[in-house]
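Next come the chains, spelled out residue by residue.
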Amino acid sequence: MKISGRRSLLSGAVTVWGVFVFVVITGTSNGIDRGNRSNDDHLIQYGILSVYPGEVSIPYGGSVKGRVIQFTENDADELKKIFSDYTDGIYPRKLFNAFCKSPTGFANMLVSDFRTGLDERYIDFLAGRCLNEVELSGDGRVCLIPKYLAGQLYGNAREAVGRTLIVDGLPFVITGVYKPAHDLSFKCVFVPFKTAMQMREADGDISFIDIKLPTEMAAAKKRHLKDEIHSLLCFNKGLDPKDLSALRLEDKIEFISEQEKFIASIRIFTLFVSLLSLLMGVLGVSSIIHLSVKERTKEIAVRLICGSSDRSIFFLVLGESVATMLSFGFAGLLLGTTALNIATSVVNRLNEGVRWIMISNLNVNLGLIVNSVILIVLCGLASGFAPARKAMSIKVNEALSCE
Amino acid sequence: MIDLNGIDKTYTGEQPVHALNDVNLHIDEGEFVGIMGPSGSGKSTLLNVMGLLDSYDSGEYRLNGILIKDLTRNEEAVIRNRNIGFVFQRYNLISFKSVFENVELPLIYRGVPQEERKERVMEILKRMELERFTKHIPAHLSGGQQQRTAIARAMVMNPKIILADEPTGALDSRMSQEIMKLLRKCNEESKVTVVLVTHESSLAGQISRCIKMNDGRIASDERR
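Protein sequence lines, in the order shown, are assigned to chains Z and B. Take any residue in the first sequence, note its place counting from 1, add 205, and you have its number in our numbering. Take any residue in the second sequence, note its place counting from 1, add 386, and you have its number in our numbering.
In short, the hints are calculated from the structure, not lab data. You may find that some hints are simply not true.
Computed cross-link-like contacts, DSSO-like style, restricted to lysine-lysine with a CA-CA straight-line distance of at most 30 Å [unchecked claim]:
| # | chain 1 | residue 1 | chain 2 | residue 2 |
| --- | --- | --- | --- | --- |
| 1 | Z | Lys503 | B | Lys567 |
| 2 | B | Lys483 | Z | Lys595 |
| 3 | Z | Lys392 | Z | Lys417 |
| 4 | Z | Lys417 | Z | Lys399 |
| 5 | B | Lys521 | Z | Lys503 |
| 6 | Z | Lys600 | B | Lys598 |
| 7 | Z | Lys352 | Z | Lys417 |
| 8 | B | Lys567 | B | Lys504 |
Isolated chain Z (complex conformation) (with noise of 0.2 Å):
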């Protein structure tokens, strides 16, 4: 007897264990999931396709290998008029580094040009207010500044607004301070196109193309808005439709799509963990069962002799399957989700004022718990199975007389 307690009590060790590693590793990749879907939400509110110039590498036409090529308000301008009609607008970008300082301090900073409708979704407003419409189709000299670089230059955000930061020699007023929505955001100084634009007068071109895409447009669609635009900017600044690195489109879109890729494919991972996980707790409780039945030979051939029927046996011997099943099940269960609620304190602690994050509410919710006392009931009528049925099997005189 002390053998086999030993030997229930490791089987049992396992259940309790392949529980555990089901439910921390479904919570996990739930929390993924649900870290990802949070950012995907940003992403695909957003819509953007963003066209960046780059180098050539095939040569085409006039163009030789390693020609760096430049955009131009002139190419947002051949797009505008091809595809306004199918885009929510079509923005010349600019953004460059720039020498910031205060009465009391410097940094280097990105400067770049602010688009209503674009940039306003990556920031929340800590102090003051938002470049008006008037100052954006300006060339004044205002700014937003982050508020990091208000905190480092002015103290914080509130002294930050209305004074003077000098940009490259240049002096701004902060209109705004502001925190970026997520750590994918830029951290610049934002400042009206025209203002950016004149700041590097010198090299007349823009930096990127933001392509902003109807969010109710069907992918299929997007997918071939992109290849024309593709096309027609190879065809204007003549380049090799092939040559990949000539231009760059960066598409959420699409990259939503890979990632979640990314994610299924860790999730058939999980699952393939956690179920072989299960099916070790399932091959211990069947081996408890097993054990039971061996033990409790006599007893079982005593209930037959007592008008016991083969079903009650069988149902008898499955119910204290299922019941083993369920306690150390529970016991995995109650480890799993204490373990995920202590890594979800710490996960959202280190997520406070992040928004674009990797993994987040890795607790337990009744879904999982639910699914989770299903599948245990479910392993532990699999565990049950081939005992209840070698139990129901037992020839009584043979039994009895095993003394």
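Based on these hints, arrange chain B on the given structure of chain Z.
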């Protein structure tokens, strides 16, 4: 009650054992029958066949007029539950269940309601003078008390037959006499047919019909 006609039973194996050889036996309701004989004479096999715990190869066995042949295990279970009570040498009580629960078991399988079960179990335990031990587990009882519990379990269903396989084999002579008296009491008061296997000739005095077996055959059948 019990009709055995030309019963044959052979255990197959490397060396087949002819356990029962053309056994013909008729036992009436209310008889107190002892089956005696040396070891390997077929007494226990005969009892097992009577109790539907083992099959037979040829012949015909009728229990209460019902032909016992090619029944399913569930049909056998129903017949056992309604007609037969078993008493074994080693008591065969469920070790982790109390005296009350052990005696209650056949009633549960019969589907008797809880209140009635309680009433019937207490009544039979009183008759067996075990009412003080209802909550005890078998390990806390003496051999005689355990066998009395086993008899109570056999009797609780008001069976027509009690089949007892060496019921006194594990008891001292005083306890053996006590158990025999109890079985005799059941036989007389409840008119239950008792068939017991024993090789203790000292108990033969309590038996009203003695069947002696040898080599799987009935060697003698004496009524007293």
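Cross-check of the supplied hints:
For the suggested pair lysine 503 of chain Z and lysine 567 of chain B, the alpha carbons sit about 28 Å apart, so the restraint of at most 30 Å is met. Between lysine 483 of chain B and lysine 595 of chain Z, the direct Cα distance comes to roughly 23 Å. Compliance with the 30 Å bound is thereby established for this hinted pair. Pair hint lysine 392 of chain Z plus lysine 417 of chain Z holds up; C-alpha atoms about 21 Å apart against a cutoff of 30 Å. Of the supplied pair hints, the one linking lysine 417 of chain Z and lysine 399 of chain Z holds, its CA atoms being roughly 20 Å apart against a limit of 30 Å.
For a cut-off of 30 Å, the pair hint linking lysine 521 of chain B to lysine 503 of chain Z stands: about 22 Å separates their Cα positions. Distance restraint check for lysine 600 of chain Z and lysine 598 of chain B: the Cα-Cα separation of roughly 27 Å lies within the 30 Å cut-off, and the hinted pair is therefore satisfied. Distance check on the hinted pair: lysine 352 of chain Z and lysine 417 of chain Z sit about 27 Å apart at the alpha-carbon level, within 30 Å; holds. With a CA separation close to 26 Å, the supplied pair lysine 567 of chain B and lysine 504 of chain B stays within the 30 Å bound.
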